[in-house]
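Q: Letter by letter, the chains look like this.
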Amino acid sequence: MLEFFNSTQTIHTIIIIGSMCLFFIGFYGIATQKNLVKVLVSFDIMESALFLFFIGLHYQVGLVAPIVDSNLKTFTNMVDPVPQAMILTTIVIGLAVLALGLSFGIEYYKLTGRNDISKMNELRD
Amino acid sequence: MSLGYYFLLPVIFSFLTPYFKKLGSFTLRGSTILLMLILFLQTLAYTGVTLPQISEFSLKPPLGIAFILDGYSLLFLLIFTFSALIVSFYMVWFFKANKGRDEARFYVFFNMLIAGSIGMILSCDIFNLYIFFEITGICSYALSAYNKDKLGLESGIKYLIIGLIASIFIVFAIMLIYLQIGTVNLGLIAQRFGQIDPKISVLIVLMLFIGFGTKAELFPMNFWAPDIYQGSMASVNGLFSSVVAKAYLFVFFHLFYLFGLNSKYMLFVMVIGAITFLVSEFTALNQTNIKRLFAYSTLGQLGILFMALSTNSSATVSGALFHLTSHSISKLLIFLALGILIHKFKSAKIDILGNFKSGFLTIVLAIGFLSILGIPPFSGFVGKILILKGFALTQNYAAIAFILLVSIVEAVYFFRLTAMMLDKKRTKISVPIGFANYVVLSVLAVLIVLFGVYPSLLTHYTDLATNALLHPTNYLNYALGVGL
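In order, the protein sequences belong to chains C and D.
Read the first sequence against this note's numbering and you will find it ends at 125, with the numbers running on by one and no gaps.
Read the second sequence against this note's numbering and you will find it ends at 1484, with the numbers running on by one and no gaps.
Calculated directly from the structure, the hints in this document are not laboratory data.
None of these values were measured; they are calculated from a predicted model.
Hints are not guaranteed to be accurate.
As the list claims (entries may be wrong) - Which residues of chain D face chain C? A partial, calculated answer using Cβ under 7 Å:
#, residue
1, A1145
2, I1157
3, L1160
4, L1164
5, M1175
6, Q1195
7, D1197
8, N1289
What the hints assert, rightly or not - Restraint ranges, calculated between C-beta atoms of paired labels, are given here:
#, chain 1, residue 1, chain 2, residue 2, range
9, C, L102, D, L1008, 25 to 31 Å
10, D, N1474, C, T74, 35 to 41 Å
11, C, T76, D, Q1195, 35 to 41 Å
12, C, A96, D, L1008, 15 to 21 Å
13, C, T89, D, G1182, 17 to 23 Å
14, C, A96, D, L1203, 23 to 29 Å
15, C, M20, D, G1048, 34 to 40 Å
What the hints assert, rightly or not - Reference listing, derived: stretches of chain C covered by chain D, where coverage requires no fewer than 3 residues with Cβ under 8 Å from a Cβ of chain D:
#, stretch
16, 45-57
17, 100-111
Every residue gets a Cβ at the ideal spot worked out from N, C-alpha and C, and that includes glycine.
Given only the sequences and the hints, what does the whole structure look like? Please build it.
A: Have a look at this one:
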């Protein structure tokens, strides 16, 4: 039984299904929630799903993390480091956008006392 | 100078802004003008060297990070650095007229915005491109909410949410590309894009189309643009219209031709562009807010550009690039001049155009309007006629008829605005114009007339750009590190 879970294919399947579920949870949040904070969190969940999907698909059983230390002296037997570097950068960018969005939300709440995005409709002709 | 300085310098200046602020507002404004002047002069220096130019970091491409300047990006670099220089001069007047604004906050994001836009057009690596895409995005959200009033914050929030959607699509596209090809280098992706399974390739193209199309204000993903323009300051609108939207458009067509999508998706992009043009111009007809009106006009012009740039014929593309340059200059002129009026009247209603008394502003605004409409002897006329000539050469008469017919709609509101300005019956209030603005607006107006009378000043660069865009062999060789 444990052998079954320790195969690359099973892990990839689980990751694909799991990240898709997570993605649709985020999508559901965006579609239904009206609170700005909740919408931003939903976007973050969607992004996390993408990150998991991408990192997970580059993992293979038996390979180690691409970090050079006492256990890993040569550049063999490790997973592809590029996706990890990419996702690390993307996480930082996502954090910056989230922080900016929340700060806008705080300022907007201070001004109007509202954080409902369906009522943000003053910009019109 | 290494190409890296194009975005390193603005980023460094942006980080130094708090220190400049301590030294006084003169240093703050002066340093930004100096920076933009350096970038613009450097770009002018690049017009004399053989292209493409490459700057690589750490390793040679395709393994390392590289930045490539070819004819196509040179034209955009000229537009961006020039617009940035103009806006940095204009902001001197703006901050003198609006005392007590947080200047440092503006300059931080302004410098970063320029860094991001320039990085996007120089980057030869789809992941770096995404990073610069996000830098530009974040700075646009922040600039859009700069006023921190209700409208500004609302537009900032809306822009941010739209940006998040676009970035999710682009991240997903990049991931799919990496999963399929195993590289992020644009040259390698271009080489191997045809070998991807067609189903996944369609998905990637769709993702990239939605991501960059949303940001480049393409129908039907452009519903947000008028709101953002309405909530932001006029000078920021000028930047959005002449730098940010053009940077996204650059990337859109860069990838379009580099990945060889032109044969398959030409008609699709053309039809989408045509719909953008039609819908925007008709919606612009009954706008009462001046910023919204010009937002719709920008969308319409972008529609023409999308139509013409996707045709794969060098005459049309060259004309479109001419029109793009002319549109950038004219829209910058219009938005900056409107900024003066909006500051004076504290309103953005369309009536303010009829209520000011200033011969100078009337002339420059009329030049801007007529140039966008395409009346000789202004540069917009040359741009439109070159596009029409290109369509005629490829015997696409439907497109010619379409552009001419929709231009009539455009003419209706532009002539209405011009007539409103010249109407003597309205009560007129004189508007003070700072010295910096006289310089800025006259430079822009003179350029519009100059390019209209002597198009050959610009056609040299547009031809260079067209050649680089349609036949990216040189670019690919450099991106793949062949013969370096």
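Q: Are the hints correct? Go through all of them and say.
A: Taking the hints in turn, this is what the structure says about them:
no. : hint                         : verdict
1   : A1145                        : holds, 6 Å
2   : I1157                        : holds, 5 Å
3   : L1160                        : holds, 5 Å
4   : L1164                        : holds, 5 Å
5   : M1175                        : holds, 5 Å
6   : Q1195                        : violated, 19 Å
7   : D1197                        : violated, 16 Å
8   : N1289                        : holds, 6 Å
9   : C:L102 - D:L1008: 25 to 31 Å : holds, 29 Å
10  : D:N1474 - C:T74: 35 to 41 Å  : holds, 38 Å
11  : C:T76 - D:Q1195: 35 to 41 Å  : violated, 27 Å
12  : C:A96 - D:L1008: 15 to 21 Å  : holds, 19 Å
13  : C:T89 - D:G1182: 17 to 23 Å  : holds, 18 Å
14  : C:A96 - D:L1203: 23 to 29 Å  : holds, 28 Å
15  : C:M20 - D:G1048: 34 to 40 Å  : violated, 54 Å
16  : 45-57                        : holds (count 6)
17  : 100-111                      : holds (count 7)
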